[in-house]
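Listed below, chain by chain, are the residues.
Protein chains: 2
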Amino acid sequence: MVHYSRSDLDKLPSRFKSNLINSCTGYKACNLLGTVSKEGTTNLAIFNSIIHIGSNPALLGFILRPLTVRRDTYENLRQNGCFTVNHVNKSIMEKAHQTSAKYEKQISEFEKTGLTAEYIDDFQAPYVKESTIKLGCHYENAYEIKENGCLLIIGSIHHIYLPENIQHTDGWVQLDKAQTLSGVGLDGYALPELLTRLAYARPDEFN
Amino acid sequence: MVHYSRSDLDKLPSRFKSNLINSCTGYKACNLLGTVSKEGTTNLAIFNSIIHIGSNPALLGFILRPLTVRRDTYENLRQNGCFTVNHVNKSIMEKAHQTSAKYEKQISEFEKTGLTAEYIDDFQAPYVKESTIKLGCHYENAYEIKENGCLLIIGSIHHIYLPENIQHTDGWVQLDKAQTLSGVGLDGYALPELLTRLAYARPDEFN
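Same order as they appear, the protein sequences are chains A and B. If you count the first sequence from 1, position 185 lands on 175 in this note's numbering, and the numbers rise without skipping. If you count the second sequence from 1, position 88 lands on 78 in this note's numbering, and the numbers rise without skipping.
Where hints are given, some of them may not hold.
For chains that are exact copies, the list does not tell them apart, and a pair is met inside one copy or across any two.
SDA-like, lysine to any residue: derived pairs with alpha carbons at most 20 Å apart [what the hints assert, rightly or not]:
| hint | residue 1 | residue 2 |
| --- | --- | --- |
| 1 | K102 | K119 |
| 2 | K80 | L181 |
| 3 | K80 | Q164 |
| 4 | K7 | I156 |
| 5 | K167 | Y109 |
| 6 | K7 | T159 |
| 7 | K136 | L54 |
| 8 | K7 | R(-4) |
| 9 | K95 | Q69 |
Hints are computed from structural coordinates only; laboratory data are not their basis.
Excised from the complex, chain A in its bound form (with noise of 0.2 Å):
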């Protein structure tokens, strides 16, 4: 077994302490984020922070890194209150790593990637056509990580667009069928398969 205590941790070159890290809490969500700046400029950005945050109001979360460089997603959704999230399928997977490339904000990353802005329902922040399961969400509220300046965004979810025969009869959504990805690290990408759905846990029935 390999064991890094904190004082090994606190030793390791940065790239590799940043691997390990990003690796070692398990796998990730893989979502595109669309937004559209006042100018008009569309901007795409690979997000692996994605997270359930409650269903009764429909809110999810993910976390921005802090606010000391120029980071668009942010300051779009800030100035129109919203934006999208896409998952990442097998047939886009280098296009969406590709918007990670930090390119100038004039710039559209639907533009450099060759994916495609899709506006549906009169929704205020693009889409991205290629993907099969997208939501439109508005911004709810930021709150500060104290320990190293992130921000867990929190919004709430609006629109649900998903293929159709992948959902269940009782709400869940198949997601394998949709073929889309979870993230290990910060660039791996893998295709999970679904080994089952087990039953609603209760204290006096396991053996």
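We have chain A; now place chain B onto it with these hints.
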């Protein structure tokens, strides 16, 4: 394409809505959190909201539902300041899921599920012996999410244990070699297969 608007969501039955909203944000990490009470009762609970918060210092976070009912994990980690994060792998999937059953406070989920509590390097919280990737963490802070009363708990990573031969020379951990699972909604378990790692993205190197 299936479309749910906000007003559609507001009309859905509670269980259906919970299944939909919990699965539509993408794959989730799948971890068991181990704690111990001041009376010495071990506690183990499955969490699917662990996220990376930062590498320097090494921080992770997870979402805790509102404190309107008993939350043993939270009470324990506030009392002694320590908790463990243990990856759920394929061989312990059913036992891990069973920890979500509502056992009484004085009952240990380790005992009920047959998972083995293991203390390593004098750390004051139990690890899961059957889990192959595990972290020892200290409680750092809690942020209340006012939109629904949930808490974002921040922990610092003090120990990392990995199997031999799953870490690359640049620090990155290949999770599929440990058969780590990812979650879909509240009850789905998937086994990811690594597709690739992609190079650091630069604006001028993509066609």
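Practice item. Quick one: which hint numbers does this structure break? Sort them smallest to largest. Key: 5
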